[in-house]
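There are 2 protein chains.
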Amino acid sequence: MISQSLKKHISKLQQKKYRKEFGEFIVEGKKGIEEALKSESEIIFIIIEGNKREEFQDIIQKAEKKNINIEYCTNKDLNFIKTTTNYPGIMAIVQMSDYSLDDLMNKSPIICLDRVNDPGNLGTIIRTADWFGIKNIILSEGSVDPFMDKVARSSMGSIFRENIFLSKNIVQTVLNLKKKNYKIVSLDLNGKNLEILKSAPKTVYIFGSESHGLSKDLRNLIEETYTISGAGETESLNLAISVGIVLNKIF
Amino acid sequence: MISQSLKKHISKLQQKKYRKEFGEFIVEGKKGIEEALKSESEIIFIIIEGNKREEFQDIIQKAEKKNINIEYCTNKDLNFIKTTTNYPGIMAIVQMSDYSLDDLMNKSPIICLDRVNDPGNLGTIIRTADWFGIKNIILSEGSVDPFMDKVARSSMGSIFRENIFLSKNIVQTVLNLKKKNYKIVSLDLNGKNLEILKSAPKTVYIFGSESHGLSKDLRNLIEETYTISGAGETESLNLAISVGIVLNKIF
Numbered sequence: 458m459i460s461q462s463l464k465k466h467i468s469k470l471q472q473k474k475y476r477k478e479f480g481e482f483i484v485e486g487k488k489g490i491e492e493a494l495k496s497e498s499e500i501i502f503i504i505i506e507g508n509k510r511e512e513f514q515d516i517i518q519k520a521e522k523k524n525i526n527i528e529y530c531t532n533k534d535l536n537f538i539k540t541t542t543n544y545p546g547i548m549a550i551v552q553m554s555d556y557s558l559d560d561l562m563n564k565s566p567i568i569c570l571d572r573v574n575d576p577g578n579l580g581t582i583i584r585t586a587d588w589f590g591i592k593n594i595i596l597s598e599g600s601v602d603p604f605m606d607k608v609a610r611s612s613m614g615s616i617f618r619e620n621i622f623l624s625k626n627i628v629q630t631v632l633n634l635k636k637k638n639y640k641i642v643s644l645d646l647n648g649k650n651l652e653i654l655k656s657a658p659k660t661v662y663i664f665g666s667e668s669h670g671l672s673k674d675l676r677n678l679i680e681e682t683y684t685i686s687g688a689g690e691t692e693s694l695n696l697a698i699s700v701g702i703v704l705n706k707i708f
Numbered sequence: 458m459i460s461q462s463l464k465k466h467i468s469k470l471q472q473k474k475y476r477k478e479f480g481e482f483i484v485e486g487k488k489g490i491e492e493a494l495k496s497e498s499e500i501i502f503i504i505i506e507g508n509k510r511e512e513f514q515d516i517i518q519k520a521e522k523k524n525i526n527i528e529y530c531t532n533k534d535l536n537f538i539k540t541t542t543n544y545p546g547i548m549a550i551v552q553m554s555d556y557s558l559d560d561l562m563n564k565s566p567i568i569c570l571d572r573v574n575d576p577g578n579l580g581t582i583i584r585t586a587d588w589f590g591i592k593n594i595i596l597s598e599g600s601v602d603p604f605m606d607k608v609a610r611s612s613m614g615s616i617f618r619e620n621i622f623l624s625k626n627i628v629q630t631v632l633n634l635k636k637k638n639y640k641i642v643s644l645d646l647n648g649k650n651l652e653i654l655k656s657a658p659k660t661v662y663i664f665g666s667e668s669h670g671l672s673k674d675l676r677n678l679i680e681e682t683y684t685i686s687g688a689g690e691t692e693s694l695n696l697a698i699s700v701g702i703v704l705n706k707i708f
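Here the protein sequences come in this chain order: A and B. Numbering of the first sequence is given in our numbering, commencing with residue 458 and proceeding in unit increments. Numbering of the second sequence is given in our numbering, commencing with residue 458 and proceeding in unit increments.
Treat the hints loosely; a few may be bogus.
Any copy will do: because identical chains look the same in the list, a pair fits if it lies in one copy or spans two.
Keeping only pairs whose Cα atoms sit at most 25 Å apart, straight-line, the calculated BS3-like set for lysine-lysine is [to be verified]:
| hint | residue 1 | residue 2 |
| --- | --- | --- |
| 1 | 564 | 473 |
| 2 | 706 | 649 |
| 3 | 706 | 655 |
| 4 | 564 | 625 |
| 5 | 477 | 592 |
| 6 | 522 | 473 |
| 7 | 464 | 655 |
| 8 | 673 | 649 |
| 9 | 473 | 625 |
| 10 | 465 | 509 |
| 11 | 487 | 533 |
| 12 | 635 | 592 |
| 13 | 533 | 706 |
| 14 | 592 | 487 |
Everything labelled a hint here was simulated from the structure, so no lab data went into it.
Construct the complete structure from the given sequences, taking the supplied hints into account.
Written out as structure tokens, the structure is:
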């Protein structure tokens, strides 16, 4: 059985303001927790449904080796703590990683997302960036919280391997990168053919949200735009698909 | 006010068996209905929240020109008919299109999806196929229903422009295509580099679901496999991202 105070703490972590206050977030499901265990992230608690010990034996062993607290809960406890209706029987409280812009100025390109608000899309972009070995992601102010449970879930654990910097002023952030000789690249409908895009490490690839596009101030900072050629009648591609196609191109 | 019988009919259409029985499905939101109006699909009813007439004036005019029934509902009616919590104030009942395999044997490649069960992913794949002008999609038995509201929504109206064939025996369907000299191509982790894939009209691109992959019988029919190169530690790409990258390559 888990304590009342832990239950309260978990339900608080379902709100962004408390995640920020405590610097912790919730990860649900086997895959995400396995990836957290493999990463350098600090896992504060793992909570497992008592009658599913066998299913999660492998995780339990690894967690015990790392001296991570494991709590077992009853089915009754679940009503308080689960964040999804299909609760997978296991969750963890994980310390948020805190990256500065300097942490991202390594030899690898940077993906910059302006006001992306769909958590599934953001999780998929994080997973795709991880597939292509691109470690650096900037999120503008007004973006969905990357530590929301749905983002972590759709990232399939990739969230533990990406350097995510939360910008409070995206225009200033991009200006800072420009001063450090980063090239600022984006997509639009009238750009050069994406096929001629060449990968360079000091590049920032900026993508706007599907609903808002890029802000005018941000557009003014862009040096080159490219277009993903299409033939159909639909007006646009899903954002995560566009990011995937660009990352495949520069890989 | 809308009638009790229409309300009942709409709530029935939220279940797959009734969609099949009536050959109708629900489309919610401005974008989807605009696309339905542009397409050759038959719209049976449009239902609009009474106090949102102004917002949907353009749709109302177009629907009236086409002699489509428009019903206005109250906020109270909404509790019975809305399929999402963020009800956009407008929905339509649309006749399902019914394609045979022969309809898909035109000069364009075919996308074949085996047991894809995520409605958001399927909608995104339909939208992406439309972007790249690929009109033909086969869904295997055991796939998510493409006429589910969430699929139509994430397709952003592209569902009205695609020829979707619902196979009852995907192995037999692919065998039939093979007999007609279609080449059967797929992705795996040990295939040729995707960069050398060349587009040919008589090609079937088969993709499995993320959770199940391809069935053994289906794998036996594949003639060529390709790999999307990656560098990170994540095991796989999201299915819709993989499809997007392949379609961009063959476009």
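Since the copies are identical, ignore which copy is meant and state whether residue 473 and residue 625 lie within 25 Å (CA to CA) inside a copy, between copies, both or neither.
-> Classified as within; 16 Å inside a copy, 45 Å across copies.
First find the shortest C-alpha distance between residue 635 and residue 592 inside one copy, then the shortest across copies, and answer within, between, both or neither for a cut-off of 25 Å.
-> Only inside one copy: residue 635 and residue 592 sit 19 Å apart there, 42 Å across copies, limit 25 Å.
Same-copy or cross-copy closeness of residue 477 to residue 592 [CA-CA at most 25 Å] | within (22 Å within a copy, 46 Å between copies)
Should residue 522 paired with residue 473 be assigned to within, between, both, or neither, using CA atoms and 25 Å as the limit?
-> neither (31 Å within a copy, 48 Å between copies)
Alpha-carbon proximity context of residue 592 and residue 487, limit 25 Å | within (23 Å within a copy, 38 Å between copies)
Intra- versus inter-subunit Cα pairing at 25 Å for residue 487 with residue 533 | within (21 Å within a copy, 42 Å between copies)
Between copies, within a copy, both or neither: which fits residue 706 and residue 655 at Cα up to 25 Å?
-> Cα proximity of residue 706 and residue 655: in one copy and across copies (8 Å, 16 Å).
Is it within a copy, between copies, both, or neither that the alpha carbon of residue 465 lies no farther than 25 Å from that of residue 509?
-> within (23 Å within a copy, 41 Å between copies)
Intra- versus inter-subunit Cα pairing at 25 Å for residue 706 with residue 649 = Result: close both inside a copy and across copies, 14 Å intra and 17 Å inter.
If the cutoff is 25 Å on CA atoms, where do residue 464 and residue 655 land: within, between, both or neither? Let me know, please.
-> neither (50 Å within a copy, 55 Å between copies)
Tell me, please, which holds for residue 564 and residue 473 at an alpha-carbon limit of 25 Å: within, between, both or neither?
-> neither (32 Å within a copy, 51 Å between copies)
If the cutoff is 25 Å on CA atoms, where do residue 673 and residue 649 land: within, between, both or neither? Let me know, please.
-> For residue 673 and residue 649, the Cα distance is within 25 Å only inside one copy (20 Å; across copies 42 Å).
In the structure shown, a violation is registered for the earlier hints numbered 1, 6, 7, 13, in ascending order.
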